[in-house]
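> Each chain is listed here by its residues.
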Amino acid sequence: MAGTRISPLVVAAVAAAALVAVPVITVAAHLFLPGDGAWSHIASTVLPDYVRNSLLLVIGTGVGVLLLGVPGAWLVATCEFPGRRLFEWALVLPLAVPAYVIAYVYTDFLQVAGPVQTGLRELTGWSARDYWFPPIRSLGGAIAMLSLVLYPYVYLLSRAAFIQQSRSLLEASRSLGCTPWQSFRRVALPMARPALVAGTMLALMETLADFGTVSYFGIPVFTTGIYRAWFSLGDGVAAAKLSAMLLAFVLILLTAERWNRGAMRFHQRGDGDNSRTHVLTGWRAVGATTTCALPFVFGFALPALLLLLMAVDAGDSAFGPRYLTLVGNTLLLAGITALAAAVIALLIAYGNRLSQTPTMRIAHRVAGLGYAIPGSIIAVGVLIPLTALDGALADWLTAQFGRPPGLILTGGLIGLVYAYLARFLVMPLNAFDAGLARITPSMDAASRSLGETAVGTLRRVHVPMLKGSLLTGVLLVFVEVMKELPATMILRPFDFDTLAVQAHNLAADERLSEAATAALAIVAAGLAPVLLLSRQIGRRPAASAAPRGRVRLSSP
Amino acid sequence: MQRKSVVTALAVIAATVTVLIAPLSPAPAAEEPVLNLYSSRHYQTDESLYEDFTKATGIEIRRIEGKGDELMRRILAEGGNSPADVFITVDAGNLWRAEQAGLFAPVESALLEERIPSNLRHPDGLWFGFSTRARMIFYDPRRIDAGALERYADLADSRWRGEVCIRSSGNIYNLSLLGALIAHDGVGQAETWASGVVANFARQPQGGDTDQLRAVAAGECGIALANSYYFARLMNSADEADQAVVARLGWVFPDQGGQGTHVNISGAGVLETAPHPEAARRFLEYLASDRAQTLFALGNNEYPAAAAPIENPALQTMGPFEMDSLNVSRFGEHQAEAQQVFDRAGWR
Numbered sequence: 001m002a003g004t005r006i007s008p009l010v011v012a013a014v015a016a017a018a019l020v021a022v023p024v025i026t027v028a029a030h031l032f033l034p035g036d037g038a039w040s041h042i043a044s045t046v047l048p049d050y051v052r053n054s055l056l057l058v059i060g061t062g063v064g065v066l067l068l069g070v071p072g073a074w075l076v077a078t079c080e081f082p083g084r085r086l087f088e089w090a091l092v093l094p095l096a097v098p099a100y101v102i103a104y105v106y107t108d109f110l111q112v113a114g115p116v117q118t119g120l121r122e123l124t125g126w127s128a129r130d131y132w133f134p135p136i137r138s139l140g141g142a143i144a145m146l147s148l149v150l151y152p153y154v155y156l157l158s159r160a161a162f163i164q165q166s167r168s169l170l171e172a173s174r175s176l177g178c179t180p181w182q183s184f185r186r187v188a189l190p191m192a193r194p195a196l197v198a199g200t201m202l203a204l205m206e207t208l209a210d211f212g213t214v215s216y217f218g219i220p221v222f223t224t225g226i227y228r229a230w231f232s233l234g235d236g237v238a239a240a241k242l243s244a245m246l247l248a249f250v251l252i253l254l255t256a257e258r259w260n261r262g263a264m265r266f267h268q269r270g271d272g273d274n275s276r277t278h279v280l281t282g283w284r285a286v287g288a289t290t291t292c293a294l295p296f297v298f299g300f301a302l303p304a305l306l307l308l309l310m311a312v313d314a315g316d317s318a319f320g321p322r323y324l325t326l327v328g329n330t331l332l333l334a335g336i337t338a339l340a341a342a343v344i345a346l347l348i349a350y351g352n353r354l355s356q357t358p359t360m361r362i363a364h365r366v367a368g369l370g371y372a373i374p375g376s377i378i379a380v381g382v383l384i385p386l387t388a389l390d391g392a393l394a395d396w397l398t399a400q401f402g403r404p405p406g407l408i409l410t411g412g413l414i415g416l417v418y419a420y421l422a423r424f425l426v427m428p429l430n431a432f433d434a435g436l437a438r439i440t441p442s443m444d445a446a447s448r449s450l451g452e453t454a455v456g457t458l459r460r461v462h463v464p465m466l467k468g469s470l471l472t473g474v475l476l477v478f479v480e481v482m483k484e485l486p487a488t489m490i491l492r493p494f495d496f497d498t499l500a501v502q503a504h505n506l507a508a509d510e511r512l513s514e515a516a517t518a519a520l521a522i523v524a525a526g527l528a529p530v531l532l533l534s535r536q537i538g539r540r541p542a543a544s545a546a547p548r549g550r551v552r553l554s555s556p
Numbered sequence: 001m002q003r004k005s006v007v008t009a010l011a012v013i014a015a016t017v018t019v020l021i022a023p024l025s026p027a028p029a030a031e032e033p034v035l036n037l038y039s040s041r042h043y044q045t046d047e048s049l050y051e052d053f054t055k056a057t058g059i060e061i062r063r064i065e066g067k068g069d070e071l072m073r074r075i076l077a078e079g080g081n082s083p084a085d086v087f088i089t090v091d092a093g094n095l096w097r098a099e100q101a102g103l104f105a106p107v108e109s110a111l112l113e114e115r116i117p118s119n120l121r122h123p124d125g126l127w128f129g130f131s132t133r134a135r136m137i138f139y140d141p142r143r144i145d146a147g148a149l150e151r152y153a154d155l156a157d158s159r160w161r162g163e164v165c166i167r168s169s170g171n172i173y174n175l176s177l178l179g180a181l182i183a184h185d186g187v188g189q190a191e192t193w194a195s196g197v198v199a200n201f202a203r204q205p206q207g208g209d210t211d212q213l214r215a216v217a218a219g220e221c222g223i224a225l226a227n228s229y230y231f232a233r234l235m236n237s238a239d240e241a242d243q244a245v246v247a248r249l250g251w252v253f254p255d256q257g258g259q260g261t262h263v264n265i266s267g268a269g270v271l272e273t274a275p276h277p278e279a280a281r282r283f284l285e286y287l288a289s290d291r292a293q294t295l296f297a298l299g300n301n302e303y304p305a306a307a308a309p310i311e312n313p314a315l316q317t318m319g320p321f322e323m324d325s326l327n328v329s330r331f332g333e334h335q336a337e338a339q340q341v342f343d344r345a346g347w348r
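Read top to bottom, the protein sequences are chains A and B.
Taking the working numbering, I'd label the letters of the first sequence as residues 1 to 556.
Taking the working numbering, I'd label the letters of the second sequence as residues 1 to 348.
Treat the hints as calculated values from the structure; they're not laboratory data.
One or more of the hints may lead you astray.
[To be verified] Here are some of the chain B residues that sit facing chain A, going by a computed Cβ distance under 8 Å: (1) Pro33; (2) Asn36; (3) Arg74; (4) Ala77; (5) Asn81; (6) Ser168; (7) Gln206; (8) Gly208; (9) Asp211; (10) Ala217; (11) Ala218; (12) Asp343; (13) Ala345.
[Claimed, not checked] Selected chain A positions facing chain B (Cβ under 8 Å, derived; list incomplete): (14) Gln111; (15) Val112; (16) Ser232; (17) Val380; (18) Thr387; (19) Asp390; (20) Ala399; (21) Gly402; (22) Ile490.
Each residue gets a CB set at the ideal place from its N, CA and C atoms; glycine is no exception.
My request is simple: use the sequences and hints to build the entire structure.
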């Protein structure tokens, strides 16, 4: 297949990857335009803050997601304790909560005029100036918020890794004199390292691209800086320079991950033994239950409860039939994008497998870069080329038919779906890459030698084996699009609102309790796909012959 | 055989993508009368306003709501093909930016010129203010005597060390206020004022205007600066907690008897590239009518720009005040300067 003739499928794959990368390239291309001079002002005043805060945010959130995600995953995968079956899926639920929503909720709860501090003052008789209380609108607060909603990536992937680990290997370590703790630290944890790193990387890319939380807390980081440069100062070049620095940040992270992994290979076969080695009792059981309860309570149960109270107490006065439209629009966008992403990612992943040319490899990586770029910037990257194309299209159609057709690409949902694809394609792409990697070349060879074509091999051998990865990729995109806000705000067509937009409009207007209704609706609508995702990723190897849908973040 | 199946696969993919995308395209430009609105206002009452306009004129309103800066970026990208007819945004600074970007076309309307006071609209009719909000001082009567604070200048008085709560300097309301101070008193005095206020901070700037009001009520600070409609909203709220906040606050319209209180506007202009300029002009004239003025202002507890009746219990309680007669377009001119002054003063 890697013959002299280039397969049209590979050409299509490269083209699709290039198309997906256009918005990112558009932003980067601004580097070469003359600027408005905002750059020197930024570089001399706020840039050091951006670098320091982004760095601290990434380090803090990285530690946070590991601390919240790994212990729960290990306990749920290998131990038996009260509540285990509940936590197995409950620990994933924070993934349905957008970071900006949890930030709204905790700010309202913990700020000086909130119920906690008011209660404290009433209880002690102190005034607001008599005591110190950790400020929620701070870098530490942002780290806490992002860790609480992003740790499920680490939890999901490390739980899958722990489940798949060979039981006999762990038993061997025990019989060689390891305590359960030592066998976790010295055998299980190192073996799960690719999964831990992959989950952490997903969380950190989201952290770097987050805008809602950091802007609400007023923390100067790269995303808020890029936004300010482009929208407030109107300087696309300064924004592109900051974006390029952000991308460099991401590339350093990815390189560090590959360097860290080095030449190590992680082969293991799960033996499908379902028995849990450690049955915990007494204070150990209490400890395990508490360890699992903390992330769930603070990442999901408490914020959801507070939202519910707000929604019942005050709530959105527009609640009613309009919400059906909002839910419908949200699901429509998420559904279309998830399907389109699956088709395109499959094309690119498969093209990358067929062809080992540098062009294909580069195209494959570039297609995934958008994940670390904030949504508002991707939106501008979509607007510039698409409106130009729209203009040309309109001119041509007017010349042909005599009347202007309106904006065909940016006037509808196409621009919006395009922006989502540019931003989230890396998720199904990684899932498919991981899935394809498990299909050995000998299977291809067998299929081809039995007379099957390349496409036939894809259809009759690969797709059935890839079902799990497909579902994982589609669900990840679905959940992300449901929560997405900045690109949706900028690119949506006339009279088209989503739940996220409704929640944001009210919250931005300082009507938090009214925003609670829409925020709660986002969380509720996200529950089903998130639970499905949890089941998909946590599937035991013995449960089905099909490979598991594991997300592996190699190097987009 | 292989080539054929690859082509088939590509065709399938193309067909799938087409099927996915086909329903996403907008309906072809309709012949019926429509007005395309890009608005950074998003109040439920605005919808009754739009319905009312449609009933009166038969012109259907389609809208996109978003942040002012983002909508502007979108209009710029859409260029000559932009479907936008009218751009509504809050704060004169935003209108000034849109004007500087060459987005607006002048509207000649004797009705608008008669209804809207001259300091609340662009001299050449590029945009018009339709409602106003005042930037007011709020204080804690338990700590501060009534009458001790009467002017914006008092916020910088060293008597109030550790008392002032206010939001960050990037906020457009603060930029406009400082822009007005620069227009009145010059950069030097404005910078002295900003430094004085920074020295009086009770805490680093954070949160929105409502948060500053709540912080005063909670006792974290003695003085806050906030827009009138946030306070009016708390006054009109049925929530007990909001009423408790209101009960703990004293309020001042600053600089009465002097330059007058700083006011800002929600305003709108017709776009240079508007496909329906006539409908757009009618819409602006409709917004200036008594009924629309009342609804428009009511949506956000603002004051009508024209001399229309105020049907808002909170605003009636707060009473009439004298506003600064400086043309609101002057804030925009000094906006960039204001940001630099804030940066130099260390106002986060």
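> Next step is simple, just say for each hint if it's right about the structure.
Status of each hint after checking the structure:
1. Pro33: Hint on B/Pro33: violated, closest Cβ of chain A at ~15 Å, above 8 Å.
2. Asn36: Interface hint status for B/Asn36: holds (7 Å vs cutoff 8 Å).
3. Arg74: 6 Å, holds
4. Ala77: 4 Å, holds
5. Asn81: The hint holds - B/Asn81 has a Cβ within 8 Å of chain A, the shortest such distance being about 5 Å.
6. Ser168: 6 Å, holds
7. Gln206: 5 Å, holds
8. Gly208: With a minimum Cβ separation of about 5 Å from chain A (threshold 8 Å), the hint on B/Gly208 holds.
9. Asp211: 7 Å, holds
10. Ala217: Result: holds, 7 Å to nearest chain A Cβ.
11. Ala218: 4 Å, holds
12. Asp343: Holds. Min distance 6 Å.
13. Ala345: B/Ala345 check fails; min Cβ-Cβ to chain A is 13 Å, beyond 8 Å.
14. Gln111: 7 Å, holds
15. Val112: 5 Å, holds
16. Ser232: Cβ of A/Ser232 sits 6 Å from chain B, so the hint holds.
17. Val380: At 6 Å from the nearest chain B Cβ, A/Val380 passes the 8 Å test, so the hint holds.
18. Thr387: 4 Å, holds
19. Asp390: 6 Å, holds
20. Ala399: Violated. Min distance 14 Å.
21. Gly402: 12 Å, violated
22. Ile490: Constraint on A/Ile490 satisfied, holds at 5 Å.
Going down the numbered hints, you'll see the structure goes against 1, 13, 20 and 21, while the others check out.
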